[in-house]
Amino acid sequence: MADDHGARDVVSAGHSARSVAVPVSASTETQASPGLGVVAPDRFENPGIPPHQPRVTDLDPKKEKRAERTVYILFYLSLAGSVFAIGAYFGFPIEENNIASTRMNNLMLGLGMSLALLAIGVAAVHWGKALMPEEEMIDQRHPVTGSPATRARAVEIFDQANKESGFGRRSLLRNSLIGALVAFPLPAIVLFRDLYPGNQEDPVSALSRTMWKEGVRLTRDPSGTPIRASEVTLGSAFHVIPEGLEESEHYLEEKAKAAVLLMRLRPDELNEIEERKTWSYDGIVAYSKICTHVGCPVALYEQITHHLLCPCHQSQFDVTNHCEVIFGPAARPLPQLPIAVDDEGYLIAQSDFTEPVGPSFWERASVNDN
Amino acid sequence: MSNATKRKNRAGRRSPLATVALLAIGLLSTGGAYALISGGTAEAQSDINSQQMIDEGEKLFSANCASCHGLNLEGSESGPSLIGVGAASVDFQVGTGRMPLAQQGPQGEEKPEQFTDEQTKALAAYVASLGPGPGLPDARYLDGEGDAANGSELFRINCAMCHNVAGAGGALTEGKYAPAIDATPAHIYEAMVIGPQNMPVFNDANLSPEDKRDIITYLEFNRESPSPGGYVLGSLGPVAEGLFAWFFGLGAIVAITVWLTAKSN
Amino acid sequence: MSTTTEPKRTRASSYTAAASNYIDERTTISAVVKEFGRKIFPDHWSFMLGEVALYSFVVILVTGTFLTFFYDPSMAETHYEGSYVPLKGVEMSVAMASTLDISFDIRGGLLVRQIHHWAALLFIAAMGLHMLRVFFTGTFRKPRELNWVIGFVLFILGMGEGFTGYSLPDDLLSGNGLRIIEGLVMGIPVIGTWISFLLFGGEFPGTAIVGRLYTLHILLLPAVLVALLALHLVFVVVHKHTQFAGPGRTNENVLGVPILPTFAAKAGGFFFIVFGVIVVMATFFAINPIWVYGPYDPSPVSAGTQPDWYIGFADGALRLIPPGLEIEFLNRTWSFNILIPMVALGAIIVLPMIYPFIEHWITRDNREHHIADRPRNAPTRTGIGAAGVTFYGVLWAAASSDLIATHFDLAMEHVIHFLQAAAILGPVVAYLITKRVCLALMKKDREIALHGIESGRIVKLPGGEFIEVHEQLDDYDRWKLVSYNDYAPLMIRPNSRGKITAATRVRAGLSRWFFEDRIAPVTRREVELSHGEHHAAAAIEGEHQSAIGADSNRH
Chain A
0 MADDHGARDV
10 VSAGHSARSV
20 AVPVSASTET
30 QASPGLGVVA
40 PDRFENPGIP
50 PHQPRVTDLD
60 PKKEKRAERT
70 VYILFYLSLA
80 GSVFAIGAYF
90 GFPIEENNIA
100 STRMNNLMLG
110 LGMSLALLAI
120 GVAAVHWGKA
130 LMPEEEMIDQ
140 RHPVTGSPAT
150 RARAVEIFDQ
160 ANKESGFGRR
170 SLLRNSLIGA
180 LVAFPLPAIV
190 LFRDLYPGNQ
200 EDPVSALSRT
210 MWKEGVRLTR
220 DPSGTPIRAS
230 EVTLGSAFHV
240 IPEGLEESEH
250 YLEEKAKAAV
260 LLMRLRPDEL
270 NEIEERKTWS
280 YDGIVAYSKI
290 CTHVGCPVAL
300 YEQITHHLLC
310 PCHQSQFDVT
320 NHCEVIFGPA
330 ARPLPQLPIA
340 VDDEGYLIAQ
350 SDFTEPVGPS
360 FWERASVNDN
Chain B
0 MSNATKRKNR
10 AGRRSPLATV
20 ALLAIGLLST
30 GGAYALISGG
40 TAEAQSDINS
50 QQMIDEGEKL
60 FSANCASCHG
70 LNLEGSESGP
80 SLIGVGAASV
90 DFQVGTGRMP
100 LAQQGPQGEE
110 KPEQFTDEQT
120 KALAAYVASL
130 GPGPGLPDAR
140 YLDGEGDAAN
150 GSELFRINCA
160 MCHNVAGAGG
170 ALTEGKYAPA
180 IDATPAHIYE
190 AMVIGPQNMP
200 VFNDANLSPE
210 DKRDIITYLE
220 FNRESPSPGG
230 YVLGSLGPVA
240 EGLFAWFFGL
250 GAIVAITVWL
260 TAKSN
Chain C
0 MSTTTEPKRT
10 RASSYTAAAS
20 NYIDERTTIS
30 AVVKEFGRKI
40 FPDHWSFMLG
50 EVALYSFVVI
60 LVTGTFLTFF
70 YDPSMAETHY
80 EGSYVPLKGV
90 EMSVAMASTL
100 DISFDIRGGL
110 LVRQIHHWAA
120 LLFIAAMGLH
130 MLRVFFTGTF
140 RKPRELNWVI
150 GFVLFILGMG
160 EGFTGYSLPD
170 DLLSGNGLRI
180 IEGLVMGIPV
190 IGTWISFLLF
200 GGEFPGTAIV
210 GRLYTLHILL
220 LPAVLVALLA
230 LHLVFVVVHK
240 HTQFAGPGRT
250 NENVLGVPIL
260 PTFAAKAGGF
270 FFIVFGVIVV
280 MATFFAINPI
290 WVYGPYDPSP
300 VSAGTQPDWY
310 IGFADGALRL
320 IPPGLEIEFL
330 NRTWSFNILI
340 PMVALGAIIV
350 LPMIYPFIEH
360 WITRDNREHH
370 IADRPRNAPT
380 RTGIGAAGVT
390 FYGVLWAAAS
400 SDLIATHFDL
410 AMEHVIHFLQ
420 AAAILGPVVA
430 YLITKRVCLA
440 LMKKDREIAL
450 HGIESGRIVK
460 LPGGEFIEVH
470 EQLDDYDRWK
480 LVSYNDYAPL
490 MIRPNSRGKI
500 TAATRVRAGL
510 SRWFFEDRIA
520 PVTRREVELS
530 HGEHHAAAAI
540 EGEHQSAIGA
550 DSNRH
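Protein chains in written order, with numbering that gives the first Met the number 0: chain A, 0 to 369; chain B, 0 to 264; chain C, 0 to 554.
For the record, the hints were derived by calculation from the structure and aren't laboratory data.
Each hint should be verified, as a subset may be incorrect.
Claimed, not checked - For lysine-lysine, the following BS3-like pairs were computed, each having C-alpha atoms within a straight-line distance of at most 30 angstroms:
1. C:LYS239 x B:LYS262
2. B:LYS262 x C:LYS38
3. A:LYS64 x B:LYS262
All figures in this text were calculated on a predicted structure; none of them were measured in a lab.
Start from the sequences, fold in the hints, and give me the full structure.
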């Protein structure tokens with residue numbers, strides 16, 4: 000078999016390295032400019048392919064036999080793996096409400112398939128490495144560019160097509176065609192406008208309001224039960240949603256804007272600015288949970304340092320100073336929800352947030368003006 | 000586990016209003032000061048309230064704790080006052096080895112506990128005797144027989160942002176961290192009630208004892224059931240998975256390519 | 000296999016012949032076999048990395064198809080009733096519930112899901128490593144520049160496939176990932192708000208995004224990916240594979256094993272090995288346990304919320320921005336804390352993509368290059384590559400700043416501050432060190448090519464002087480050290496109109512940057528000269544050898 004190799008355009012290299020003329024002169028290199036490349040006149044010449052060294056399996060029939068045996072044993076092993084996998088599919092079924100059975104199914108099926116695949120792979124590679132010829136052979140490269148004749152013919156065809164169609168000559172035809180081609184995809188782009196249907200609320204207005212409004216009770220997430228001020232003890236953190244969120248048509252969208260964190264600090268720990276003194280109740284403050292950076296829930300409250308941390312990008316907010324940013328990529332403090340207590344002692348919102356919650360958006364600055 | 004499979008839906012799963020109202024009344028009646036300090040309810044503590052336990056605890060306290068927390072629990076520069084922290088707090092801090100501190104650091108770290116269970120209970124009894132505070136949890140909330148589904152949801156909302164959804168722990172600011180949750184049910188319960196160190200307090204009005212039981216049930220479920228997909232790589236999520244894919248997956252495959260392209264001898 | 004006809008025909012072989020004949024008469028398959036059957040592929044481990052990516056992709060296609068039979072991309076609310084106890088009765092989207100069913104109630108479903116996800120991580124990792132190999136060996140040069148760009152687009156598409164797939168289960172982790180994408184998109188000036196609303200079909204999260212991502216994930220992106228992948232492979236065939244410098248290997252040939260049979264056996268076997276390794280990972284190691292994350296809800300989040308590794312650099316870029324980079328100007332909000340990372344990510348993607356054209360503009364080297372550079376022989380390029388890898392690596396590390404903090408007992412603030420500095424200084428340092436190391440290695444190569452290897456034998460000269468004998472390299476070994484391409488900086492010369500254009504000055508400056516520190520390959524003359532010096536010692540050893548011994552057969 001090995002003798003057939005060098006028959007065609009591929010030249011067998013190995014055992015007759017010295018008799019094969021390896022072209023080392025730079026025939027094509029001279030055609031293209033080397034640019035800044037330096038071609039030294041007395042550089043080394045390529046010494047040609049070193050003599051081929053046969054493998055043990057080429058020399059020793061016993062070793063060859065052994066390699067052959069290894070390969071077919073592996074193929075049979077693969078077969079066994081496949082059979083095992085099929086057996087495991089039925090033998091280790093998934094039982095309802097039993098995680099252990101799912102694990103067993105995954106493990107046994109996977110073991111069988113792993114064995115089947117790896118054994119085929121190793122066997123085929125071993126076959127290739129040990130038993131198939133590994134003597135290096137030569138393929139000649141040709142310049143990627145077409146031959147001069149081909150290129151000339153291509154130019155000729157284009158010229159002819161141009162003449163026959165009048166594409167270059169009849170400029171009105173050509174230009175109107177280009178115009179039509181440019182315009183025709185435009186309707187397709189317009190079609191995508193209703194990815195957000197046009198009859199819906201304007202984005203800026205939707206982003207500027209939440210479900211909170213005067214008198215809406217603060218309730219626990221997720222049960223929706225209202226919270227008394229007396230229940231919010233020092234050091235507590237309550238995860239809060241507005242009352243009635245459960246009935247909302249857009250539950251997740253509203254929750255994504257209205258989620259609030261409620262904390263109680265000692266009143267003397269809060270450095271409240273004058274106009275927000277009435278927004279808290281006896282040291283109880285409520286801040287939007289939605290990060291002003293890119294919108295992760297900022298819910299890591301440290302009750303001694305009074306820092307809030309966003310777990311996504313590590314923005315930190317100081318609850319004692321109206322949640323100003325003290326670290327991380329966020330640029331704005333978390334919006335504060337003004338709260339009060341109703342007749343029954345439950346916490347309620349005084350109004351909606353006074354600014355849009357969550358990440359910044361282009362038109363946000365204009366919302367603040369309104 | 001039969002309880003765990005029961006259905007629930009988000010609204011009106013149960014009506015905790017009655018419980019909350021009762022609790023609120025109870026809390027108010029114990030005095031505003033107490034309510035401001037802690038939200039735990041004082042459980043019946045017959046076993047640890049005996050004078051003998053208290054005396055035993057006092058001895059241990061003066062020998063091991065008083066240098067920082069003061070002979071009368073009044074606290075000092077190196078340790079806070081322990082008046083009103085309750086038995087739960089002592090059991091948690093001492094029982095998980097956090098107290099006594101090995102050294103001052105960003106936070107007290109879990110380590111092998113320094114006292115026997117008996118000694119810990121005695122310390123707790125002594126501290127509790129000097130000021131009312133949250134007591135040791137009732138065993139019926141620690142049985143792990145609650146509603147795991149409710150527990151998993153509450154855990155994600157109230158706990159996962161610091162402790163990670165799998166309870167593997169996470170980073171806090173300035174070198175502090177939320178530890179991985181591998182504590183006993185009692186310690187988990189106590190941690191929720193007392194809010195140790197920077198952890199917020201989850202009083203019984205926020206998470207009812209039943210809610211806490213559900214959370215413990217969920218955590219116990221996680222601990223006891225095998226990971227269906229195999230080894231969890233520390234439950235650290237995509238970072239661990241990515242590193243594993245690079246170093247084990249691609250590493251193994253690159254090693255194979257070297258074998259594959261090496262000359263056979 | 001053999002092209003000659005066997006004289007003895009068995010029944011089986013005549014059947015094969017008949018079948019071949021039947022097919023050939025209808026397809027001209029013989030021409031394909033003749034053309035490609037004995038094509039030569041060079042052997043080097045690093046040439047297999049692209050195959051790893053290709054095979055992982057095949058695994059992804061196969062397992063992904065299986066998953067589509069069970070997955071339901073709907074965001075309609077449902078109550079989970081499957082086997083996983085801690086989520087029973089919990090409200091979630093149908094997408095999440097069907098993914099849980101695949102994991103817990105379909106036999107082998109979890110295995111296939113895990114194979115799919117591990118294969119995806121490996122696919123992009125293998126592409127990345129493949130691209131690093133191509134970059135550092137300079138095999139993006141003519142005629143392969145366009146194939147480099149195609150490969151780069153494939154890499155971007157791979158990341159797109161990964162991200163869209165990651166988001167499909169609609170779990171808490173991927174939901175927060177989508178939330179971050181929404182925040183990013185909204186930070187884009189002028190069009191951001193609208194793009195976000197169009198993408199999500201309204202406010203976040205809406206009920207459209209999972210279905211839309213699904214269409215992208217299983218239809219649009221794979222179609223483009225497969226088409227470009229095919230084109231990529233066609234170019235590999237057209238250009239023939241590159242090879243490393245070695246005796247007998249020239250720019251006009253390619254040395255290796257033929258496709259049939261040896262390469263086919265190895266590459267075919269390798270497919271099964273890659274598949275097998277992925278299945279081993281899926282068997283023993285859990286990935287993306289969505290049941291732990293739970294369904295998406297905008298209120299909870301998990302500590303350690305990170306994207307899959309290939310998006311990590313983007314997440315890291317977001318984390319490294321210092322506070323307060325947002326202004327209100329012209330009654331509009333300018334979020335530089337979003338825009339700066341976006342520009343950095345754009346640079347990470349665009350600069351490497353156009354690098355072949357930059358280097359070509361500097362060298363104006365119009366020759367075809369089929370010999371892969373050793374990285375040390377292109378010190379500036381290798382330095383640039385190291386700088387890029389460092390920058391990417393720092394951003395990547397930043398995405399796990401919280402885990403670095405907890406696992407190495409550091410404060411996350413210190414980790415971030417260190418990485419902020421490293422993002423700026425790291426690439427510069429990496430560039431300088433790498434370039435110097437490359438130059439030092441080139442000097443060492445030159446030394447060895449000129450004077451040979453220190454043999455360890457000490458010889459006393461007649462004059463009483465002691466010298467160590469250097470063993471000369473044989474021609475084959477020396478060739479590897481002296482055959483690289485050499486470039487010299489551009490001399491500024493006026494053009495035909497006697498002017499020096501600004502572009503010429505820039506080019507000259509860049510070429511100085513690239514090639515000023517230059518170590519030319521050893522020439523024959525230099526070796527001859529150096530041998531003169533050592534002649535005396537060699538004579539004493541009685542081991543005279545010719546300077547350019549093409550017939551040296553000591554080895």
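Structure-based check of all given hints:
1. The suggested pairing of C:LYS239 with B:LYS262 holds, with an alpha-carbon distance near 22 angstroms, which does not exceed 30 angstroms.
2. Under the criterion of a C-alpha separation no larger than 30 angstroms, the hint pairing B:LYS262 with C:LYS38 is consistent with the structure, at around 19 angstroms.
3. With a CA separation close to 19 angstroms, the supplied pair A:LYS64 and B:LYS262 stays within the 30 angstroms bound.
In the structure shown, no violation is registered for any of the earlier numbered hints.
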